[in-house]
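Novice: Mind docking these for me? Both chains are given alone in their own frames, and the hints should help you get the complex.
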Amino acid sequence: MISQKQNDLYTRVGPGTPCGTLLRRYWQPVALVDEFAGKRQVKAVRLLGENFVLFRDAAGRYGMLDRDCPHRNADLSFGRLEHGGLRCPFHGWLFDADGNCLETPAEPVGSTLCKKVRQKAYPTEVRSGVVFAYIGPGTPPAFPELDCFAAPDSHTFAFKGLWECNWLQSLEVGMDPAHASFLHRFFEDEDPEASYGKQFRSTTFDTDLPITRVLREYDRPEIGVTPVDHGLRLTTLRRIDEAQTHVRVTNIVFPQAFVIPMSPEVTISQWHVPVDDHNNFWFTIFTSFTGPIDKATMREQRLATYPEPDYRPIRNRSNSWGYDPDEQKAATFLGMGFDINIHDQWACESQGPIQDRTREHLGTSDKGIIAYRRMLSRELERVEKGERPLMCLTPEEAPAMRGPVSYDGVDRSGDVERYWREGDAKRRADAPWGGKVEA
Amino acid sequence: MTDVTFILRDGSREVVDIAEGMSVMQGAILNDVRGIDGECGGCLSCATCHVYVESLEAGELPPMGEDENGLLDGVAAERRPNSRLGCQLLAAPGLKGLVVRVPERQV
Chain A
1 MISQKQNDLY
11 TRVGPGTPCG
21 TLLRRYWQPV
31 ALVDEFAGKR
41 QVKAVRLLGE
51 NFVLFRDAAG
61 RYGMLDRDCP
71 HRNADLSFGR
81 LEHGGLRCPF
91 HGWLFDADGN
101 CLETPAEPVG
111 STLCKKVRQK
121 AYPTEVRSGV
131 VFAYIGPGTP
141 PAFPELDCFA
151 APDSHTFAFK
161 GLWECNWLQS
171 LEVGMDPAHA
181 SFLHRFFEDE
191 DPEASYGKQF
201 RSTTFDTDLP
211 ITRVLREYDR
221 PEIGVTPVDH
231 GLRLTTLRRI
241 DEAQTHVRVT
251 NIVFPQAFVI
261 PMSPEVTISQ
271 WHVPVDDHNN
281 FWFTIFTSFT
291 GPIDKATMRE
301 QRLATYPEPD
311 YRPIRNRSNS
321 WGYDPDEQKA
331 ATFLGMGFDI
341 NIHDQWACES
351 QGPIQDRTRE
361 HLGTSDKGII
371 AYRRMLSREL
381 ERVEKGERPL
391 MCLTPEEAPA
401 MRGPVSYDGV
411 DRSGDVERYW
421 REGDAKRRAD
431 APWGGKVEA
Chain B
1001 MTDVTFILRD
1011 GSREVVDIAE
1021 GMSVMQGAIL
1031 NDVRGIDGEC
1041 GGCLSCATCH
1051 VYVESLEAGE
1061 LPPMGEDENG
1071 LLDGVAAERR
1081 PNSRLGCQLL
1091 AAPGLKGLVV
1101 RVPERQV
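Residue numbers (the numbering used here), protein chains in the order written: chain A, 1 to 439; chain B, 1001 to 1107.
Just chain B, with the same shape it has in the complex (with noise of 0.2 Å):
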């Protein structure tokens, strides 16, 4: 299990445990983390669980394929050097001290 922070929109703070192999988009939404959309469900179709990546003590983000990188041209907030799909990024045994901010859009 891994404790992901979400920086909501109001500026409070969220801390879900996320399962192993669980992304942190599932993980957003069946813990009602308000502002993660992820309309699409992870199929990589709609962009709306937008995450800015703050920070990570220990352990290493999955690498960002073409297919997320496409996607994120088109996401309805701006898209910043920190900019990931929260589908993309799935809970794994070191990974440590993961914080995400919401944006302020989704669509």
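Excised from the complex, chain A in its bound form (with noise of 0.2 Å):
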């Protein structure tokens, strides 16, 4: 329970909030790369509630430029994709990917006009089949050298999809380990065999349980959450008897990301990223530590859920998520299908568009949450004072920021630290890209 001030430091990251200006400290994931493989390849950006247009030139490099033209401020994201840049559709001005303004075709010959207009632009970077752009102050960070940037192009595969709530409901359910064993259960286990690129439906590392019956019948985790370099790290514990415990290690990467496991072969790297105080889209890296990522069937798996050119979910609020109440009693514990991340999506759309945190009650499997605002709040504070907020990297900080280490198995050793260490090494040392232990 906080105030509803405290609430809105957290929760508004509008330009000039302080959860804003924290936000802005970061690069931001801003679109798929597989968006610009259409025949279009301008788009329209709202991130952090500004306007923005991205496009990628001929030359094949990408721009993102402030959306209202500087001439008389009609939408940019609408504009012609030609000679060498990004065209007002309204009088003709053209800008390059720097924001230069090369053409203001109806003024008199001779005008040097388009020497004295600039438009804002922002830095890009393209990772892992996402495209990041910097919109905040000085110099942008340095990226870390996580798994999901690591990993070569054949073994990462990037999604996103839109959620109509804001950021920080939609992050804190990714450090509530105990959610898993209700909003995700299913009263009977699939083949393992046909769980391709889904959550939650193989076995697990060292056992032949499906993870479904682990977490339908162990429901009362013991949870651990310790501070790291890269934010929080989650142990979640499941004693299964007396000889075998299940054992699942996830990650908050600061400010907003989690890092998880989705199968013994593959992790989960996922950004909440806000469009404005009422919407973000999560942007997802999965990551191979075996083979390459089966990438169209990854990608046609979730268009069916989150079709372009949007990513809006086609179960949302107006059809009430396809909640099916015969489902709910026969098949699983939620009725709303087997796409766990529409069951995630309704748990942080259900709570309205900001959730009322002053009405909330938190029990100690919440710790993660309580330990993550707690660190948020932190970082506020130090941005306000004008110091370098947590993971804002610098060039010789980077590369020892790796990992970090996402697990999912089950210990009959008794030491269940060691054995996730060691099995975690074990995968990176098996990982055909020379995965790097985190540091």
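The set of hints was computed from the structure by calculation and includes no laboratory data. All of these numbers come straight from a predicted model, not from anything done at the bench. Possibly wrong hints are sitting among the right ones.
[As the list claims (entries may be wrong)] Derived coverage of chain B by chain A (criterion: at least 3 residues anywhere in the stretch with Cβ under 8 Å from a Cβ of chain A; other residues may be distant):
hint: 1; region: 1024 to 1031
hint: 2; region: 1035 to 1047
[Claimed, not checked] Below, computed lysine to aspartate or glutamate pairings styled on DMTMM-like, alpha-carbon distance capped at 20 Å:
hint: 3; chain 1: A; residue 1: K5; chain 2: B; residue 2: E1068
hint: 4; chain 1: A; residue 1: K5; chain 2: B; residue 2: D1017
hint: 5; chain 1: A; residue 1: K5; chain 2: B; residue 2: D1032
hint: 6; chain 1: A; residue 1: K115; chain 2: A; residue 2: D66
Just so it is clear, CB atoms sit at the ideal spot from N, CA and C, and this is done for glycine as well.
Specialist: Quick look at the structure:
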């Protein structure tokens, strides 16, 4: 439970707000490279309550500019991509990826107007199929060398989707390990062989138990939360019997991402990026530690529920997320199908556009959420004092920011930490791209 | 409505008018009194609304329950004879002149 003032402090991210100022100190995912594979190479981007246009020019360079044309403020996302830049359809002004004005064709011959006009442009970087942009002050921070950035293109796959609610409640579901035993409960286990590309559906390391069964039958996990260099590590233990403990190691990468296991082979790194105070995009990079990822299958599976071009889910508030009371009785705990992404979407969107945290009651299983809010408070204070916040990395610091370990398996040794550390180290040693252990 | 006085860590005093039936913790959170966390929202799972009851002019505080007593053993600051959890102190008619001190730390 927090005050309204504190809730506003954490959730409001527009220009000039404390949290908006914090989040502007980091590279933010703004688009998928796959979005530029079609015939239209210009996208409207809305990030942290501000409007931008993102385009790829003829030379393959990405440019992200303020969206309103500096002439008379028409929307450049409807622009013409030609002559080395983006041309406003209103009066033909042309801008390159750096925001330089190249032509103002309605002006008299010899006009130097275009030399005096500049559209604000923002740095962009492509990493693992995602276009990142930096809209904050000064020099952008260095990228950490996390697994999802270190793995080659063949071993990663990126996707995104819109959730119609505030970014923080969406991130908070990623630091709440207890919900998986309820929200994602299936009454029957599926054949793990048919589970490619799906979370919580396969078996896990060192056991034949389907993960669906572990979650269903062992619903009071012991949760450990440890502050680490990248944010928080959560260790969730489910004691199966005297000899066996299911362990799941997940992470918060400050300020806005979580890194969790999807299956023994693949991890999920997921950012929750505010569109504005009431909407956020999740951007996920799937990273394989074994073979290349079957991107076509992964993309097809996800486009079925998050269609192009908006990536807005077909199940949403307007159709009660496809809720089926018969299914809820017979097959799933929630009654909204077998896609766990939809379950999380419902949980977050049903809390309202911004969760009213003056009305919540947290339990001991919410300790990850409590630890994160403390961390967020501390970093907000740092930024207010003009200091550099956590994970706003220098080029010297970035190479040490590796991993992080995210692991799911069943320990029989009784030394759970040694078990997951050794399991992770072995998986990295076996990875064809040489994943390095967290520093 | 009951006026409750909080003595903050810097020694300053803040008076909050708390509606009947609402707890000292809720009154503190909703009015942004610094030093009271109340993370669990009053369901007796966190012990981060610890206060020292300094004085009470009239009325009686609710007796301490077993759960509250157990949680007070684990508070971050020193437990003293006048330690209570703010979530268990409800504003009630007749309660007058309640003064509580915020401890040095809650976590």
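Novice: Does each hint hold? Answer for all of them.
Specialist: Hint check:
1. 1024 to 1031: n = 4 at 8 Å, threshold three: holds.
2. 1035 to 1047: holds (count 8)
3. A/K5 / B/E1068: Violated, at about 28 Å.
4. A/K5 / B/D1017: holds (18 Å)
5. A/K5 / B/D1032: holds (7 Å)
6. A/K115 / A/D66: holds (18 Å)
When each numbered hint is compared with the structure, a violation occurs for hint 3 only.
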